[in-house]
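So the protein sequences, as listed, match chains E and Y.
Start counting the first sequence at 1; every next residue gets the next number (this note's numbering).
Start counting the second sequence at 1; every next residue gets the next number (this note's numbering).
Treat the hints as calculated values from the structure; they're not laboratory data.
A hint or two may mislead.
[What the hints assert, rightly or not] Partial list, derived from the structure: chain Y residues whose beta carbon lies under 10 Å from chain E:
1. Asp34
2. Thr256
3. Asn302
4. Tyr304
5. Ser396
6. Asn398
7. Lys402
Idealized CB from N, CA, C, for every residue including glycine.
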Amino acid sequence: MLYIKCPFCGYRSQKEFAYGGDGTVKRPELNQDISDEKWNEFVYLRKSPRGKHVELWHHVAGCRQWFKVQRDTVTHEIFQTTKMNEEIK
Amino acid sequence: MQKYSIFNLIKNAFSNHEKWDLAWKDPSPKKEYDVVIIGGGGHGLATAYYLAKEHKITNVAIIEKGWIGGGNIGRNTTIIRSNFMYDDNARFNEFGMNLWRNMSQELNFNVMFSPRGIINLAHSDAQMNAYARRGNSMRLNGIDAVLLNREEVKKIIPMADFSEDVRYPIFGGLAQPSAGTARHDAVAWGYARQADSMGVDIIQNCEVTGFDVSGGKIQGVRTSRGDIKTKKIGLCVAGSTNVLADKLNITLPIETHLLQACVSEPVKPVLDGVVTFGAGHFYISQSDKGEMVMGGDLDGYNSYAQKGNLPTIQHVLTGGIALFPFLSRLKMLRTWGGIMDMSMDGSPIIDKTHIDGLYLNCGWCYGGFKSVPSSGWTFAHTIAQDRVHELNEGFSLNRFSKGYLLDEKGLGTKTWIS
Numbered sequence: 001m002l003y004i005k006c007p008f009c010g011y012r013s014q015k016e017f018a019y020g021g022d023g024t025v026k027r028p029e030l031n032q033d034i035s036d037e038k039w040n041e042f043v044y045l046r047k048s049p050r051g052k053h054v055e056l057w058h059h060v061a062g063c064r065q066w067f068k069v070q071r072d073t074v075t076h077e078i079f080q081t082t083k084m085n086e087e088i089k
Numbered sequence: 001m002q003k004y005s006i007f008n009l010i011k012n013a014f015s016n017h018e019k020w021d022l023a024w025k026d027p028s029p030k031k032e033y034d035v036v037i038i039g040g041g042g043h044g045l046a047t048a049y050y051l052a053k054e055h056k057i058t059n060v061a062i063i064e065k066g067w068i069g070g071g072n073i074g075r076n077t078t079i080i081r082s083n084f085m086y087d088d089n090a091r092f093n094e095f096g097m098n099l100w101r102n103m104s105q106e107l108n109f110n111v112m113f114s115p116r117g118i119i120n121l122a123h124s125d126a127q128m129n130a131y132a133r134r135g136n137s138m139r140l141n142g143i144d145a146v147l148l149n150r151e152e153v154k155k156i157i158p159m160a161d162f163s164e165d166v167r168y169p170i171f172g173g174l175a176q177p178s179a180g181t182a183r184h185d186a187v188a189w190g191y192a193r194q195a196d197s198m199g200v201d202i203i204q205n206c207e208v209t210g211f212d213v214s215g216g217k218i219q220g221v222r223t224s225r226g227d228i229k230t231k232k233i234g235l236c237v238a239g240s241t242n243v244l245a246d247k248l249n250i251t252l253p254i255e256t257h258l259l260q261a262c263v264s265e266p267v268k269p270v271l272d273g274v275v276t277f278g279a280g281h282f283y284i285s286q287s288d289k290g291e292m293v294m295g296g297d298l299d300g301y302n303s304y305a306q307k308g309n310l311p312t313i314q315h316v317l318t319g320g321i322a323l324f325p326f327l328s329r330l331k332m333l334r335t336w337g338g339i340m341d342m343s344m345d346g347s348p349i350i351d352k353t354h355i356d357g358l359y360l361n362c363g364w365c366y367g368g369f370k371s372v373p374s375s376g377w378t379f380a381h382t383i384a385q386d387r388v389h390e391l392n393e394g395f396s397l398n399r400f401s402k403g404y405l406l407d408e409k410g411l412g413t414k415t416w417i418s
């Protein structure tokens, strides 16, 4: 079981969290012409690396905040968790 | 190649079974091949077999990082079915059902295909309506589908919880009597043995380290056992597709996730076919040895771990016990996990790519095993003819950007959808 450090509540069991997918995907800017290709990239295409992965988690059974996690997809080691407005170093 | 038969079995008994031929050779890679298949799992081995058999292309190598049949063909729950609603999925998998029926004879290897049927249970009127629609759609594609009411289901699985006060009462179900199970390892070995006998080189312990691409064309592949020249590469590496695609600078509509399965201790025969719970993600069958074989949801986050975490097993078995209360008294024998290509719409991809000579076979999600023969057959056609077959034209790579999703059940990367 994962043991995730919520940046607001501290360490909690995986059962309190919901996974939110790749945290590096950015929605195309609003109020601009967006090509089909850009939409395709945003909605469907994912790198899904083997190793370090920046991803979003939701503390759904806790403070209900979204935050970023940097985790190893092979060992599940969690290196860092940050608030949404902070960068993973 | 020695034929496996009762006569050869008796003949070899006199030499204490010490003089059987090797089932397949262990060659070193040659300098050049017409086609290189990356991945020695079910799909890769089947592709090589059909390339040799249907298209007479025998200068083929299968490159496998570990040992053949060690990935998801050795880790699945062996369910074979074609109970799909969408035409593309239904035709493709029903074509595969016909290959399954003759597989043991064709491969001269007993794959123990056992068409004992599958029942998808329904737990509401709405679900019964949806199953009626799916069943009709299946029958239009020539697939056997039978809509069962509560009493008919009770005759087949009397040990399920049919009491009145359960949270998800059984309203009925949709059955495909011709669905079934097979011995998964035998499928890999059978294809490997036949492909090898037709001249395909099966090269194990050979990791792909890079690709040789120039002018938008495949020129070769770099491996831990030397460079190999080739004009055509078929990728059959479910679970590692993202890793190899990254070496080719391709980003795919696929995430890599972990799926677990488990078996209980063996018990006497209690369950004949395959049953799926309609109110959660849980499916169960009983193996020939008597173990209850069970599976369900993904672990829920990107993973290459090949071993799972406990919360998912607990969650899946909670659904199992709600359906079959007797499961609570069985001991678990083993749990294991495999890594899946989860495509964004839950359907596979068998297609050409923008790189000339690079062919993709990936995105099998929860159901790669049943598609081994049909996938191998169509992928071999796609590679040999350099164009997709009508059976796999729906599984195109560009269906995402074009908006032609094959979201049969919405079983993509997001477990909360499924």
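So, going through the hints one by one against the coordinates:
1. Asp34: 30 Å, violated
2. Thr256: Hint holds; Y:Thr256 Cβ to chain E Cβ min 5 Å, cut 10 Å.
3. Asn302: Because about 5 Å separates Y:Asn302 from the closest Cβ in chain E, which is inside the 10 Å limit, the hint holds.
4. Tyr304: 5 Å, holds
5. Ser396: 13 Å, violated
6. Asn398: 9 Å, holds
7. Lys402: At about 8 Å, which falls below the 10 Å cut-off, the nearest Cβ of chain E leaves the hint on Y:Lys402 intact, so it holds.
The structure fails hints 1, 5 (numbered hints given earlier, in ascending order).
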